[in-house]
Amino acid sequence: MTILYITNGRIIDPAQNLDIVGDLWIRDALILGIGPRPELCADRTIDARGLIVCPGLIDMNVRLCEPGRDEDETIATGSAAALRGGITSVACMPNTEPPIDHQAAAEFVYLQAERAGNASVFPIGCITKGRKGAELAEIGGLVDGGAVAFTDADAPVASAEIMRRALEYCRMFDKPVLSHAEETELTRGGIMHEGGESMRLGLRGMPATAEEVMVNRDIELARLTGGRLHILHVSTAGSVHLIRRAKERGVRVTAETCPPYFTLTEKKLRSFDSNFKLNPPLRTDDDIRAIITGLANGTLDAISSGHNPQAHEKKLRELDQAPFGAVGLETLLPVAITMLIQPGHLTWPRLIEKLTRSPATILGIDRGTLKPGADADVTIIDPAAYWTIDATKFTSKSRNSPFDGMHVRGRVHTVILGGEVKQQAQG
Amino acid sequence: MLTLPRVSWQHRHLLGLEDLSAAELTAVLDMAEHFTHDADPPRKKRNHLAGKVIVNLFFEPSTRTRMSFGLAARRLGADVLDFSPSGSSTSKGETFIDTAKNIEAMGIDLVVVRHSATGAPHLLSQHLKASVVNAGDGAHEHPTQGLLDIFTIRQTRRLEGLTVGLVGDIAHSRVARSNIHGLTKLGAKVIVCGPPTLVPARIAELGVEVSHDLDAILPRCDVINMLRIQFERQRSGLFPSITEYARLFGLNTERLKVARPDLLLLAPGPINRGVEITPDVADGPHSAILRQVTNGLAVRMAVLYLLCGQPEG
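Residue numbers (this note's numbering), protein chains in the order written: chain A, 537 to 963; chain B, 2 to 314.
Misleading hints may appear alongside valid ones.
[Stated by the list, open to error] Derived pair list, reagent style DSS-like, types lysine-lysine, alpha-carbon separation capped at 27 Å:
(1) B:102 <-> A:804
(2) A:803 <-> A:850
(3) A:803 <-> B:186
(4) B:130 <-> B:53
(5) B:186 <-> A:850
(6) B:102 <-> A:850
(7) A:803 <-> A:851
(8) A:804 <-> B:186
(9) B:102 <-> A:851
(10) A:851 <-> B:53
(11) A:850 <-> A:668
Just so you know, the hints here were simulated from the structure itself, not pulled from any lab data.
Using the sequences and the hints, build the whole thing.
So, in structure tokens, the structure goes:
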């Protein structure tokens with residue numbers, strides 16, 4: 537029996553509505569409890585004075601690229617990068633080659649994650665076979681293989697009929713359908729947000745409407761079916777508005793955004809740096825304001841990284857040939873703290889909720905809390921550390937970060953995974 | 002005499018007219034005058050770029066721009082390499098940057114690049130030590146075409162207060178953007194005209210007037226620049242037919258009756274005779290189309306000279 541004692545930290549656990557300065561006890565792989573325990577003798581003590589102690593972070597929008605694209609990332613490197621970013625659980629997207637569209641593929645993800653021994657990895661299954669949008673994948677088999685949610689990732693289901701059936705069918709397993717909301721007819725050949733900057737640069741645009749049309753369609757289908765819908769990486773003011781209205785009408789919809797969409801705008805493309813080429817694309821200042829408001833008033837439930845690694849040589853191509861996407865596991869927390877806590881948009885408990893309890897609830901996984909008996913996944917944050925993001929130091933296999941060189945506040949101090957100290961700040 | 006006046010010039014690359022001030026634009030145009038109008042006959046070969054190596058790196062097909070740059074460089078005494086990868090090295094998986102770095106390793110002073118991707122010249126300028134001239138990137142900019150259009154107008158008109166109509170496919174035109182940036186900085190008023198599917202809604206942010214009615218703006222224009230229509234646009238549903246386009250936005254003798262008698266007509270070419278412009282108008286008294294080609298040479302000589310031929314100090 538090993539006892540780990542974290543003392544004097546500010547313990548924040550939104551699942552218990554808890555925000556106190558105190559002590560956290562861990563016995564072996566489980567949380568023992570919070571508060572003074574004079575009868576216990578600690579094998580190891582971590583002094584968390586001035587630090588924030590919270591449940592291990594959960595990132596529900598991650599690409600680990602295995603199998604099929606291990607030049608970009610593998611389950612081992614991606615789950616190691618997650619730990620580096622204070623994230624103890626990730627849900628990985630099924631747009632691998634071959635895609636995660638059958639039970640064995642989901643089981644393979646668990647197997648590789650267990651071999652790596654880093655952050656826990658929960659596979660997300662495909663809605664349709666081969667992500668082709670034509671026939672439903674064997675969703676029941678995928679659930680047996682451990683899939684926690686369903687999506688065709690960046691190949692959104694074009695057929696409203698198939699999407700309707702997916703929402704209906706997933707109800708049987710109480711699993712959410714995750715929507716990458718993009719009407720691809722309106723974004724074909726697009727490289728960036730359609731607006732003033734795309735006009736100036738002569739680049740093919742992806743209008744905000746392309747996202748909003750699909751958000752609207754999927755909300756209406758969720759209303760029709762009673763299925764559970766989750767909108768991935770919300771990037772526009774219009775989407776925030778639609779989701780808010782749907783929630784008020786009682787539709788079972790949740791939503792998330794990612795740091796680029798509350799931090800960076802279309803203007804970044806003036807540099808022609810393909811690390812700013814994302815899908816959905818970077819939008820405008822007005823959209824950033826709406827996203828932040830949506831986070832503050834609860835319209836947007838979660839914040840995820842949208843981690844999408846691309847090998848350096850792929851991003852070195854011309855803007856129209858470079859792939860979409862940015863890594864994010866190692867920058868999720870500091871960018872969120874810098875952009876949301878520092879200016880006072882969110883309180884600490886609110887931010888931690890969007891990184892722990894909310895994604896756990898959406899995915900229906902037994903994580904994201906410090907309740908006694910829970911898995912001892914704990915992240916300790918130094919809220920006062922100022923540092924500069926340096927992509928060359930990433931643990932991820934890829935370096936395609938839009939935040940490289942950004943001055944940020946807040947840093948992961950210690951990461952505990954299943955009671956084991958996995959990551960600890962030097963000095 | 003072969004000597005030229007020294008002008009103040011800070012740029013190592015020419016990537017777009019958006020980056021240049023009015024004074025810098027004027028400096029290039031004035032320098033171009035020396036290559037057409039000074040006592041020295043333009044045919045006489047100069048040696049300002051002797052020993053320099055210039056490479057034409059054209060990832061998109063081009064006849065006149067490539068020839069014009071090649072001739073301009075040779076007139077100034079430079080050695081010219083032509084490299085037109087027909088999807089060759091890039092299709093073997095070599096990145097664009099690798100291709101350019103390999104060429105630079107042969108000892109290149111200046112790269113003239115044309116590419117279908119916006120920003121390709123900018124990417125090169127970040128990775129190469131050589132100077133980079135943008136000879137057209139996607140639908141972004143084509144600065145030497147903009148300069149030669151403006152140069153041609155300036156030969157007979159005062160730019161300040163002049164009204165210039167840009168007609169046609171504005172959305173997909175790099176020539177339009179370079180013209181807009183250059184002309185507005187030099188005090189001209191620009192009207193863009195075409196169907197809404199070919200005129201981006203936000204273009205007014207660049208300080209231009211937007212029109213969809215050629216007959217309405219024609220009497221107000223001192224200059225009309227007819228942009229080439231690309232036929233593949235029709236297939237993508239941006240307008241219903243070539244016939245309808247020509248009826249609404251083509252220039253013919255009948256339509257020109259409402260125009261000013263001294264209207265100056267430009268076209269960046271190659272023109273689709275009978276679509277944007279009927280043959281009698283293209284070859285008629287208003288047309289400066291061939292003069293544009295001649296001026297292109299002088300303008301490109303001026304650009305190459307300023308970027309790598311002007312003596313230090």
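Here is how each hint holds up against the structure:
Between the alpha carbons of residue 102 of chain B and residue 804 of chain A the distance comes to roughly 25 Å, so the proposed pair stays at or under 27 Å and holds. Only pairs whose Cα atoms come within 27 Å are accepted, and residue 803 of chain A paired with residue 850 of chain A is accepted, the gap being roughly 22 Å. A hinted pair counts as satisfied when its Cα atoms are at most 27 Å apart, and residue 803 of chain A with residue 186 of chain B qualifies at roughly 22 Å. With a C-alpha separation of about 14 Å, the suggested pairing of residue 130 of chain B with residue 53 of chain B holds against the 27 Å cut-off.
Of the pairs offered as hints, the one joining residue 186 of chain B and residue 850 of chain A is violated, with about 38 Å between alpha carbons and a cut-off of 27 Å exceeded. In summary, the hint linking residue 102 of chain B to residue 850 of chain A is supported, as the alpha carbons are separated by about 17 Å, within the 27 Å threshold. In summary, the hint linking residue 803 of chain A to residue 851 of chain A is supported, as the alpha carbons are separated by about 19 Å, within the 27 Å threshold. At most 27 Å may separate the alpha-carbon atoms for a hinted pair to count; residue 804 of chain A and residue 186 of chain B meet this at roughly 24 Å.
Among the hinted pairs, residue 102 of chain B with residue 851 of chain A is consistent with the structure: their alpha-carbon atoms are about 17 Å apart, no more than 27 Å. Restraint check: the Cα-Cα separation between residue 851 of chain A and residue 53 of chain B comes to about 32 Å, which exceeds 27 Å; the hinted pair is violated. At most 27 Å may separate the alpha-carbon atoms for a hinted pair to count; residue 850 of chain A and residue 668 of chain A meet this at roughly 24 Å.
Against the hints set out earlier in the document, violations occur for numbers 5, 10.
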